[in-house]
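Colleague: The lines below spell out each chain.
There are 6 protein chains.
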Amino acid sequence: MIGLFIGRFQPFHNGHLEAVKWMLKKCDEVIILVGSSQFCYEKENPFTVGERIEMITSSLKAAGLWQKCQVLFLPDVQNNALWVVHVNSLIPNYDLVYSNNPLTRTLFEESGKKVESIPFHDRENCDGTKIRNIMGSGRGWERYMPAAAVEVVKRVKGPERLKSIGKGDKFEDVEEEE
Amino acid sequence: MIGLFIGRFQPFHNGHLEAVKWMLKKCDEVIILVGSSQFCYEKENPFTVGERIEMITSSLKAAGLWQKCQVLFLPDVQNNALWVVHVNSLIPNYDLVYSNNPLTRTLFEESGKKVESIPFHDRENCDGTKIRNIMGSGRGWERYMPAAAVEVVKRVKGPERLKSIGKGDKFEDVEEEE
Amino acid sequence: MIGLFIGRFQPFHNGHLEAVKWMLKKCDEVIILVGSSQFCYEKENPFTVGERIEMITSSLKAAGLWQKCQVLFLPDVQNNALWVVHVNSLIPNYDLVYSNNPLTRTLFEESGKKVESIPFHDRENCDGTKIRNIMGSGRGWERYMPAAAVEVVKRVKGPERLKSIGKGDKFEDVEEEE
Amino acid sequence: MIGLFIGRFQPFHNGHLEAVKWMLKKCDEVIILVGSSQFCYEKENPFTVGERIEMITSSLKAAGLWQKCQVLFLPDVQNNALWVVHVNSLIPNYDLVYSNNPLTRTLFEESGKKVESIPFHDRENCDGTKIRNIMGSGRGWERYMPAAAVEVVKRVKGPERLKSIGKGDKFEDVEEEE
Amino acid sequence: MIGLFIGRFQPFHNGHLEAVKWMLKKCDEVIILVGSSQFCYEKENPFTVGERIEMITSSLKAAGLWQKCQVLFLPDVQNNALWVVHVNSLIPNYDLVYSNNPLTRTLFEESGKKVESIPFHDRENCDGTKIRNIMGSGRGWERYMPAAAVEVVKRVKGPERLKSIGKGDKFEDVEEEE
Amino acid sequence: MIGLFIGRFQPFHNGHLEAVKWMLKKCDEVIILVGSSQFCYEKENPFTVGERIEMITSSLKAAGLWQKCQVLFLPDVQNNALWVVHVNSLIPNYDLVYSNNPLTRTLFEESGKKVESIPFHDRENCDGTKIRNIMGSGRGWERYMPAAAVEVVKRVKGPERLKSIGKGDKFEDVEEEE
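Protein chains in written order, with the working numbering: chain A, 1 to 178; chain B, 179 to 356; chain C, 357 to 534; chain D, 535 to 712; chain E, 713 to 890; chain F, 891 to 1068.
In case anyone wonders, no lab produced these hints; they're calculated from the structure. Don't take every hint at face value.
Just so you have them, the derived chain E footprint on chain A, three or more residues with Cβ under 8 Å [as the list claims (entries may be wrong)]:
id	segment
1	47-54
2	70-78
3	83-94
Part of the chain E face toward chain D, derived, beta carbon under 10 Å [stated by the list, open to error]:
id	residue
4	T760
5	E763
6	E828
7	F832
8	R873
9	I877
10	K879
11	K882
Once the Cα atoms are required to be at most 27 Å apart in a straight line, the calculated DSS-like pairs of lysine-lysine come out as [stated by the list, open to error]:
id	chain 1	residue 1	chain 2	residue 2
12	B	K345	B	K221
13	E	K842	F	K1057
14	D	K648	E	K866
15	A	K68	E	K866
16	C	K417	F	K1057
17	F	K958	C	K510
18	D	K647	E	K780
19	B	K345	A	K114
20	F	K933	E	K842
21	C	K486	C	K513
22	A	K43	C	K399
23	A	K154	E	K780
24	C	K382	F	K1057
25	A	K167	C	K399
26	C	K519	B	K292
27	A	K61	A	K167
28	D	K602	B	K203
29	A	K61	E	K737
30	C	K417	A	K43
31	F	K958	D	K701
If you're wondering where the values come from, they're calculated on a predicted model, not measured in any experiment. Just so you know, even glycine gets a beta-carbon here, dropped at the ideal spot from N, CA and C.
Assemble the whole structure, with the sequences as input and the hints as a guide.
Modeller: Below is the structure:
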C-alpha cells in the first residue's frame, strides 16, 4: 500500500516526522509531496523547495526511513479543480491520501481517492506558523524539528532570513525602510 | 445592438437574470462573459468556470432567452491595462458594456467603448457575497437564484464545498486542523 | 562604476530623483529597474510600466541626467530565490545595488553583490503610499514629484484613475456598487 | 444527448457545418470547442479566437442551428495528459466526443469518454490547410465556407493577412526582407 | 559525493540504468532529474513525468539501488540562461554533473559546476529515439529496457500510445484523418 | 518625433547601427526594442537579453548616439493579435515604426500606427543568420559588427557558445552524443 502525504513543510518538523512513522505502520511506502513549491523568501513560505526537500530527505535518512519514502514537489495550480489531476500526473499509483485539511480531503474524495486523518503529535508546539514565528524573533525553535532539518535551517541562515522577510516586501519604496 | 455583461457569477443569481432581461429590451444580443474564470474552490470563488457556464446557460434556456445570448469566459490578466484588449480578442463586435463597477467602467471608457449602468434588482439579497455566506453556513440561499442554477449548485454539492473551503487553504499544516 | 537602483516607482517622486543624483556622485552610470512591472490599475500599483518608464526618463532628461542612466523593468518572479538571477539576466555588469529594504539586501548579498543604503530625502512626504493616497482623495501631490513626472500623471488622468480603483476590483458583483 | 465537437477551425468551413448538422441528428445539443485558441496571425493559425467564434456563431445562426449549439474555446495546455481535464473543467456534462484524430480519440477514451467518428463532406476541398493556401495565394476559397463565415474573413482582410504572414516571422532581421 | 544525472528518459532504458551503476562507483548518491517534465503524448515525449518517475524508481528498486538515489523532475524553462539556477533551486548540494551533451556541459560549467562524461552502454540499441520508433511500429523494444520499466510501459499501453501520436496533432482538422 | 525600431538583434550588427543613424536624421529619439527577449542559448537566439542590451547600448555610446536612444525589451506573446498592445504598454508615445517585415507592418498598421521601411546597409553581409553561422563555424564575423558589440560577444565567449548549441538540445539522450 502506497500513502501520499501532502504539505508545505515550512519547515519540516517533528510532527511531520512522527506522521510519516505512523503512516509506515500501515503503508509499504509513503510519497511526501511538497506543495506550494514555487514560493520562498516569504513570511509564510520562507524556505525554497530545494531546502525543504533536503530537510525531509536528511531527516528520513537519519531516522532510517529513506528507503520506504519518496519526496516530490508540486507548484501551486491556479485552478483548484485541476489540482488533484496535477498530483496524479506525478504519482500514477497511490492508495491512500493522508490529510487533516477539509478542502484537500474534499478535492481528493471527489476524485474518488480514499482519505485518512493524521493523529497529532505535540500539536501545541509542532505547528508551522508557531515555529516560523519563534525562528524569526526568538529562540528554541530547534527542539521542534529533527536534528538533520535543523542543520539545513542553520546552514541557510533561516532565522536571519525570517527576520529580513519580516521587514516588508522587496519592492517597498525606499522611503519606507531605514 | 450587442451588449456585453461581465461578472464573476459566483454564483449566477436572480439579480443577474433580471439584468439580462433588462439588457435584452435594448439589445438584440447579450454576450455574458464569466471573469476570473480560472479560480474555483476558494471562499470568494467557489464554483468552476464550467459550473458557472452551466448555471448561466441552463437559467437562460429555462427563461427562453438562450437564443439571444452567448456565454464566454476569460481568465484574469495580471496587467489590468491589457484586460480590455483580451476581452476584445474574444468578442470582436459589441456596442455597449454593462457594468456598475468604476474600474471596469474606466478601463472600457478609456478604450473608447460606451458603458451603461445596470439597475439593481432586490439588491439587499441578490448579492454574491451574501449568497455565498448563506450557502456555506445556513439555509435559504435557493430563493435568490434561478431554479436551473440551484439545480447545478445542488448537483455539485455547493453548500458542502463552501463549508470545506471555509476551514482553510489546502496547504495548511496538518497540525492546524482537526 | 555602475549602480543599480530598484523600485516600483508608483509614482516616481522627488525622493527617487534625489537618490539618483546622490548615486551619480559615486557611480558613472545608474541603471534604474522598474519592478513589479506587470501590475497597474491597482491601489498599490496604479501606473503601467510604460507610464512609469516615461515618468523616469522625462524627469532624468529634465534634470540633465539622462546620458548617465538607463531604465529597464522586470515583472515579478513567483520564486524569490530566482529573482536576483532574473535581474542579472537583464543587466550583465553592475557593481553596486542601492536599497534600503532588508529582503532585497539579503537576496543580493546572498548572491555576492555589494549593497548600499540610500539616504532619505524629505522622508515624511516623499513616500509612495502617501502620495498615492493624496492623489486619490485630495490635492497637493504635485509638489512631491518632478515636474516632468507630474505632467505624465496628469496626461493619463492619474487622480481620476486612483479614485476609480478605490471603489473595488473590476469583478465585484454588480449589486455591490452603485 | 450532448455532443462535443473539437477543432481549431482555421477557418470554419462547409465540412465543419455539415458535421454539426450530422451530429444534431443524434444529439440534442452540440458544444463546439475552439482549440489552440491563443494562436493567430500565424501560417497554420491565421485567425484569432474571436474571429473564429464569430465565424462559427454567425454560420450557425444563418443555418438556424444556433439554439442547439454552444461555442467555447480552450488555449493549448503544454501537458497533453491534462488536456481532457481542462476540457472537462469547461463543459461538465457531455455524452459523446466527435473526432477523427487518433490522439484526441485516445486521450478521451482513456478518460472514459465515448468517441465517434465524423463522416467527411467534400473531403478534397473542405480542408483547412488547402483553404488557407488558396486564401493566401489564389482565389476561390469562398466556395468552401459558409457565407456568414466568408463575410467575417473578408471584413478582417483574411487573404491580405495570410499573404503578410507568409513572408516570415515578425522578428526576422531587417536585412532578410525587402 | 553527490552526482546529478539529467535526461528526458523517454523512456528509461538499459543504458540509463548502467550509467547510474557506473556513477555509483564514484558517488555516494545520484540524483536523477527528469527534464522536459511537462511534455507527454508527443512523438518525442510519449510518457508523462509520473510514468517516467515510476519507470526509474521501480527499475532502481529492482536493481537494489534505490536507497542511494533520488528522483526529481523539472519542467522546461524558456530562458536557457536560467535553467541551471532552476536546477539548483531544487537540489542545493551536488558535486558533479554527468552529461555528454555539449550545451548542458557549457551551461553547468559556466555556472562553476564540475561536469563529467558518461561511458556509453550498447550505444547502437540503447537510444531513446530508436526505442520509441520500435515501440511505435515494430517489436522487440522490451530487450533494451529494465524489466520493471517495461512493465510500466505495458501497463500504460505505451506502444498503442505511440501509434496514435504518430497520426498527427490532436487539433488536425477532421478532414485530414480517416 | 519618436521612432520605434524592433528586432531580435541576435547579434546587433553594423546594419542595425546604420539603421539607427538613418532614423535619427528624421527622429529626435529612437526607441530600440529587443524582441523575443526570453530566448537565448539557442541556434537562432544565442544571446541573452542582457547581452543584447549591452551590445546595443555600448555600440550607441561609442557612436555618440546614446542620449538620443532608449533600449527596452519584450518577451514573445503567444497571441500575435495582442503583441502591439504589449509594445504600447511599454512605450506610451511613439510616432513611427520602422520595419521591413510584412507581418510586423500589418500588425502595427492595423492598430493605426504609421510604419516606414528601412534602407539596407551591406545587406549581403549584415544578416543575422549569416553572422551567427560564421560565428559558430568559421571566422571573420567581427567585421560585420560594431567594435563595442564585438567586445561583448568575445567576453561571453559567443563563438564557443554557438558551437556547443549546434550539437543538439540540452535534453538529448546521453547515447546520442559522444
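Colleague: For the segment 83-94 of chain A, do at least 3 residues have a Cβ located nearer than 8 Å to some Cβ of chain E?
Modeller: holds (count 6)
Colleague: Holds or violated: are the alpha carbons of K345 of chain B and K114 of chain A at most 27 Å from each other?
Modeller: holds, 20 Å
Colleague: Can you confirm whether chain E covers the segment 47-54 of chain A, using C-beta to C-beta distances below 8 Å and requiring at least three such residues?
Modeller: holds (count 6)
Colleague: Taken at face value, is the distance from the CA of K1057 of chain F to the CA of K382 of chain C at most 27 Å?
Modeller: At roughly 45 Å apart (the allowed maximum being 27 Å), K1057 of chain F and K382 of chain C break the hint.
Colleague: Grab the minimum C-beta distance from R873 of chain E to chain D and call the hint holds if it beats 10 Å, violated otherwise.
Modeller: Since the shortest Cβ distance to chain D is 7 Å, the answer is holds.
Colleague: E828 of chain E was flagged as interface toward chain D. Is the shortest Cβ-Cβ separation under 10 Å?
Modeller: It is violated, given that the least Cβ distance between E828 of chain E and chain D is near 32 Å, above 10 Å.
Colleague: Quickly compare the C-alpha distance for K958 of chain F and K510 of chain C to 27 Å and report which way the hint goes.
Modeller: Roughly 25 Å separates the two Cα atoms, so the pair holds.
Colleague: Given K882 of chain E as an interface hint, is its Cβ closer than 10 Å to any Cβ of chain D?
Modeller: holds, 4 Å
Colleague: Keeping to a limit of 27 Å between CA atoms, is the pair of K61 of chain A and K167 of chain A held or broken?
Modeller: Cα-Cα ~36 Å, so violated.
Colleague: Holds or violated: K61 of chain A and K737 of chain E, Cα atoms, limit 27 Å.
Modeller: The hint holds at about 20 Å.
Colleague: Between K43 of chain A and K399 of chain C, does the CA-CA distance stay at or below 27 Å?
Modeller: With a Cα-Cα distance of about 22 Å, the restraint between K43 of chain A and K399 of chain C holds, given a limit of 27 Å.
Colleague: Has the given pair, K933 of chain F with K842 of chain E, been kept, meaning a C-alpha gap of at most 27 Å?
Modeller: The given pair, whose Cα atoms are some 25 Å apart, holds under the 27 Å limit.
Comparing the model with each earlier hint shows violations of hints 6, 7, 16, 18, 24, 27, 30, 31; every other hint is respected.
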